Amino acid sequence: MAEAVQGSGPSPTAPKQMTMADGTPLKVALARATRRSKIRALLLVAPLLVFILITFIFPIVDMLMRSIDNPEVNEAIPLTVAELDRWDGEGMPPSAVFSAFVQEMGDRSDEQRRNLGRMGARLNYEDGGFRSLVNKSQRAAAKIQDAPLQFALVGFDKGWEDKKTWPTLDTLAETADFADVLPTTAEQLRAWETGSSPFAEKVPGAETFSTILSELATAAGNGSLDRLLPVIKAENKKLATLIEKTGAQAGDIEANPLRYALMGVDKAWGQPDTWKTIKNVSSPVTASYYLNAVDRTYDSDGNIVMQPEWKQIYVHLFMKTIYVSLGVTLACLILAYPISYLLATLPSSKGNLLLILVLLPFWTSLLVRTTSWIVLLQTQGVINDTLVFLGLISDDNRIEMIYNMTGTIIAMTHILLPFMVLPMYSVMKTISPSYMRAARSLGANPLIAFVRVYMPQTVPGIGAGSILVFILAIGYYITPALVGGQDGQLISNFIAYHMQKSLNWGLAAALGTVLLSGVLVLYWLYDRLVGIDNMKLG
Amino acid sequence: MAGKKTPFVQFVEVQKTYDGEILVVKDLNLDIQAGEFVTMLGPSGSGKTTCLMMLAGFETPTEGTIMLGGRELNHVPPHKRGIGMVFQNYALFPHMTVAENLAFPLQVRKMSKSDTEAKVQRALDMVELGAFGGRRPGQLSGGQQQRVALARALVFEPDLVLMDEPLGALDKNLREQMQYEIKHIHEQLGMTVVYVTHDQSEALTMSDRIAVFNDGKIQQLAPPPDLYERPDNAFVAAFIGENNRLRGTVKEVNGTGCTVDVDGHIIQALSIGHEGVGSRTTLSLRPERVMLDPAPGSMPNVFDATVEELIYLGDHIRTRVSTCGDDEFIVKVPNSHAKASLSRGQKVQVGWALDDCRALDA
Numbered sequence: 001m002a003e004a005v006q007g008s009g010p011s012p013t014a015p016k017q018m019t020m021a022d023g024t025p026l027k028v029a030l031a032r033a034t035r036r037s038k039i040r041a042l043l044l045v046a047p048l049l050v051f052i053l054i055t056f057i058f059p060i061v062d063m064l065m066r067s068i069d070n071p072e073v074n075e076a077i078p079l080t081v082a083e084l085d086r087w088d089g090e091g092m093p094p095s096a097v098f099s100a101f102v103q104e105m106g107d108r109s110d111e112q113r114r115n116l117g118r119m120g121a122r123l124n125y126e127d128g129g130f131r132s133l134v135n136k137s138q139r140a141a142a143k144i145q146d147a148p149l150q151f152a153l154v155g156f157d158k159g160w161e162d163k164k165t166w167p168t169l170d171t172l173a174e175t176a177d178f179a180d181v182l183p184t185t186a187e188q189l190r191a192w193e194t195g196s197s198p199f200a201e202k203v204p205g206a207e208t209f210s211t212i213l214s215e216l217a218t219a220a221g222n223g224s225l226d227r228l229l230p231v232i233k234a235e236n237k238k239l240a241t242l243i244e245k246t247g248a249q250a251g252d253i254e255a256n257p258l259r260y261a262l263m264g265v266d267k268a269w270g271q272p273d274t275w276k277t278i279k280n281v282s283s284p285v286t287a288s289y290y291l292n293a294v295d296r297t298y299d300s301d302g303n304i305v306m307q308p309e310w311k312q313i314y315v316h317l318f319m320k321t322i323y324v325s326l327g328v329t330l331a332c333l334i335l336a337y338p339i340s341y342l343l344a345t346l347p348s349s350k351g352n353l354l355l356i357l358v359l360l361p362f363w364t365s366l367l368v369r370t371t372s373w374i375v376l377l378q379t380q381g382v383i384n385d386t387l388v389f390l391g392l393i394s395d396d397n398r399i400e401m402i403y404n405m406t407g408t409i410i411a412m413t414h415i416l417l418p419f420m421v422l423p424m425y426s427v428m429k430t431i432s433p434s435y436m437r438a439a440r441s442l443g444a445n446p447l448i449a450f451v452r453v454y455m456p457q458t459v460p461g462i463g464a465g466s467i468l469v470f471i472l473a474i475g476y477y478i479t480p481a482l483v484g485g486q487d488g489q490l491i492s493n494f495i496a497y498h499m500q501k502s503l504n505w506g507l508a509a510a511l512g513t514v515l516l517s518g519v520l521v522l523y524w525l526y527d528r529l530v531g532i533d534n535m536k537l538g
Numbered sequence: 001m002a003g004k005k006t007p008f009v010q011f012v013e014v015q016k017t018y019d020g021e022i023l024v025v026k027d028l029n030l031d032i033q034a035g036e037f038v039t040m041l042g043p044s045g046s047g048k049t050t051c052l053m054m055l056a057g058f059e060t061p062t063e064g065t066i067m068l069g070g071r072e073l074n075h076v077p078p079h080k081r082g083i084g085m086v087f088q089n090y091a092l093f094p095h096m097t098v099a100e101n102l103a104f105p106l107q108v109r110k111m112s113k114s115d116t117e118a119k120v121q122r123a124l125d126m127v128e129l130g131a132f133g134g135r136r137p138g139q140l141s142g143g144q145q146q147r148v149a150l151a152r153a154l155v156f157e158p159d160l161v162l163m164d165e166p167l168g169a170l171d172k173n174l175r176e177q178m179q180y181e182i183k184h185i186h187e188q189l190g191m192t193v194v195y196v197t198h199d200q201s202e203a204l205t206m207s208d209r210i211a212v213f214n215d216g217k218i219q220q221l222a223p224p225p226d227l228y229e230r231p232d233n234a235f236v237a238a239f240i241g242e243n244n245r246l247r248g249t250v251k252e253v254n255g256t257g258c259t260v261d262v263d264g265h266i267i268q269a270l271s272i273g274h275e276g277v278g279s280r281t282t283l284s285l286r287p288e289r290v291m292l293d294p295a296p297g298s299m300p301n302v303f304d305a306t307v308e309e310l311i312y313l314g315d316h317i318r319t320r321v322s323t324c325g326d327d328e329f330i331v332k333v334p335n336s337h338a339k340a341s342l343s344r345g346q347k348v349q350v351g352w353a354l355d356d357c358r359a360l361d362a
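Protein chains in written order, with our numbering: chain E, 1 to 538; chain U, 1 to 362.
Just chain E, same shape as in the assembly (with noise of 0.2 angstroms):
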């Protein structure tokens, strides 16, 4: 106190920092005697906080994750996109791409099979086929991981595993001209044993397959193939254009072993598109389920196109959400609108009375008021069957109003009707019935005294009730689900399909990310155009 007199005295110029009593600053002071209140303040929302924060922030953080993680084919095979990024994109993969595929393919640990199964689905997003692809080539790749070039020449042609070709062969090398080109092989055909009876080999050893590669490409370089063929042509015509191809294909062959090999799994391995795919999608984020969730894709060379027209469901369905949330929210509106008028203007014990019939559905069950739409609705229901009983409709021609779109409108609309009544009625409660009067007494007939003095002040309760309604509708999914038929499914029964059915989970969240940035939007608008201040929800 005494600092405080002494302070506003001789310098009244410059003003001293406040302090207390004992010379602690005012601020720090006032800082120590909120602290405990505000330290029970958190206390109290703490538990809310925390409940908010696992059940609502941390699943839409996680949905939008999801929408663009992509680690599938990253997790399953590190190496092959290692070697991926090397390549340019020019023709086919070099060798080590198809090396490191082989050897992260052939890898059969439960893991890694497993691994391999999400890359099957996550390819088969971007192409229908990738998961069959994945899943047989994964049973090969281990296969051919112990014997590539066999594997190779097999995959060059099937003709390599005919069970004449081996045989004949095993004859041809006993020819002089065979042991002359192909010496190695001709001895180990001599030394394979194989027999006439159906059950003896067919085909001899992995090394006599390499060996046979090696010579041939030799023999194809020097020429002295040529002397061969005509011996192998006498013996059998098919067998020589065999060796030929071969031979002549015989260095690439050894070259690229495993390429031919997974060709001979599927074609597919050897168009570079294939490869594309797979590169384009090992990005550890991608913009590919939002892409579809807006039809469209990303081409083999990584351009943004639509999607084939067949596929192209999402931007018409998101375009039937809106509208049919639209037309909702405008038939609640007109509904709601009167109702909200009568119970705002009643006395209140009858006000009161109304209002339990209109939150009486809040009480019943969703599933319930659904189904007791469709008991209604159906064509052999309760309102077909008064029609055609009173003659108004022949028994042929009943309404079909449950299954379709009409249906999911009327059930929304009935359903959604209190969440428009309510805010609409707390704003019409607030109008005093003296702003009608004054109104009136001013010269201005009824309905203008309506439309220029009541209803601008009934916006606020608009906006609130259309907005709540709108979100709502856009997102419903149960009643759609229940009474819309094919034509009445709406965007979150997709999203749902993707979440339960085709396990599509990035989708899904693309599909629920741009749905709940469409809402963020709408809301940014009503605040700019009414203001989020003039909402009031009760």
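No lab work stands behind these hints: they were computed from the structure.
Remember, predicted model here, so these are calculated numbers, not experimental data.
Fair warning: there could be bad hints in the mix.
Unchecked claim - Computed cross-link-like contacts, SDA-like style, restricted to lysine to any residue with a CA-CA straight-line distance of at most 25 angstroms:
{"id": "1", "chain 1": "U", "residue 1": "K110", "chain 2": "E", "residue 2": "H414"}
{"id": "2", "chain 1": "U", "residue 1": "K113", "chain 2": "E", "residue 2": "N70"}
{"id": "3", "chain 1": "E", "residue 1": "K245", "chain 2": "E", "residue 2": "A173"}
{"id": "4", "chain 1": "U", "residue 1": "K80", "chain 2": "E", "residue 2": "N445"}
{"id": "5", "chain 1": "E", "residue 1": "K276", "chain 2": "E", "residue 2": "I448"}
{"id": "6", "chain 1": "U", "residue 1": "K110", "chain 2": "E", "residue 2": "I448"}
Stated by the list, open to error - Stretch-level coverage of chain U by chain E, calculated; a stretch enters the list once three of its residues show a Cβ under 8 angstroms from a Cβ in chain E:
{"id": "7", "region": "51-64"}
{"id": "8", "region": "191-203"}
Glycine residues also receive a C-beta, built at the ideal position from the N, C-alpha and C atoms.
Given the coordinates of chain E, assemble chain U onto it according to the supplied hints.
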């Protein structure tokens, strides 16, 4: 009462019931001349607001007719009556600016834009809010909102303006200031005003005539001085101003005067509202008309009294004495040097003139 001219507003045998059981307004007859400032004064539930609402058109009389300027109003909807109205809670449209609020009655009358603007500005200037046209009602203080409401009720130049407790929400100083303003505007524009209030000082300050309502009936209709000085019945006497009430029996009536026996004391009073000799009566006597220790013989009524309580109020000392069997008898003693030496328990004499003591109904 005021000449042969047909009254501007007439209530003719008006009755009103809301529930079919209780008459809120009973057999009401009231004539209001053009240019008059008439106040309906009464406790809440006395039917005054109902009368105003019937005049405005928001309630319909159950029976009887209401006439305005010679035209029967019963079936004219409110917006065709051309009556300006100021509401208790102002009822300014919150979504419009002050200027838009004022323009509203002109716009619905399809007045041209330039005329509207000129009139709005003139009305705003009249209530000294010329610079506030662009504000919203929510941005104004209570007093400013009240002025806007007043301007809005006047801007379309109605011949009749109704005010329903317009100053009820204001604090005391502002209320007094607004009372004078409304009075001045009334004098300036000369329209007819029907004003409803339960505040008697407000009624006394502003009105040409006051209709005191109680129990659905007009108890007395008179200019403020008459009402205060010459109440017709015990209710009016009690409701307007402070009042000493002595209950007794009429002993004798002679012309305008009478003698009343109050607890053995014989009091001379004016004979106003009692039912003859032998009937019960209430004597009404204003505290400021009672003299302490009057000169002997100067007054017909002089009685012994004991000072019970003294309350110092600056300009006067409110003195409670017991006399004539009543220990709530109030005397206002002017704060002059001569009378400064009263003390509790002191024996004094109180006296008053015959004209100041009115024998009313029981």
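| request: Would you check the hint for K245(E) and A173(E), treating anything up to 25 angstroms between C-alpha atoms as holding? | output: Given that 25 angstroms is the threshold and the Cα spacing comes to 19 angstroms, the pair holds.
| field | Satisfaction of hint between H414(E) and K110(U), Cα-Cα up to 25 angstroms | value | Since the Cα atoms of K110(U) and H414(E) sit roughly 43 angstroms apart, the hinted pair is violated (cutoff 25 angstroms).
| field | 25 angstroms limit on alpha-carbon distance, applied to hinted pair K80(U) and N445(E) | value | 8 angstroms, holds
| request: Examine the region 191-203 of chain U: at least three residues should have C-beta closer than 8 angstroms to a C-beta of chain E. | output: Coverage by chain E is violated here, the residue count being 0 at a Cβ distance below 8 angstroms.
| query | Taking only the CA atoms, is the gap from K276(E) to I448(E) under or equal to 25 angstroms? | reply | The given pair, whose Cα atoms are some 68 angstroms apart, is violated under the 25 angstroms limit.
| message | So if I understand the rule, the pair passes when the alpha-carbon distance is 25 angstroms or less; does K113(U) with N70(E) pass? | response | Since the Cα atoms of K113(U) and N70(E) sit roughly 66 angstroms apart, the hinted pair is violated (cutoff 25 angstroms).
| request: Apply the coverage criterion to the region 51-64 of chain U and chain E: a residue qualifies when its Cβ sits closer than 8 angstroms to a Cβ of the chain, and three qualifying residues are needed. | output: holds (count 3)
| Agreement of K110(U) and I448(E) with the hint, judged by alpha carbon distance not exceeding 25 angstroms | 12 angstroms, holds
Figure legend: structure checked against the earlier numbered hints; hints not met, in rising order: 1, 2, 5, 8.
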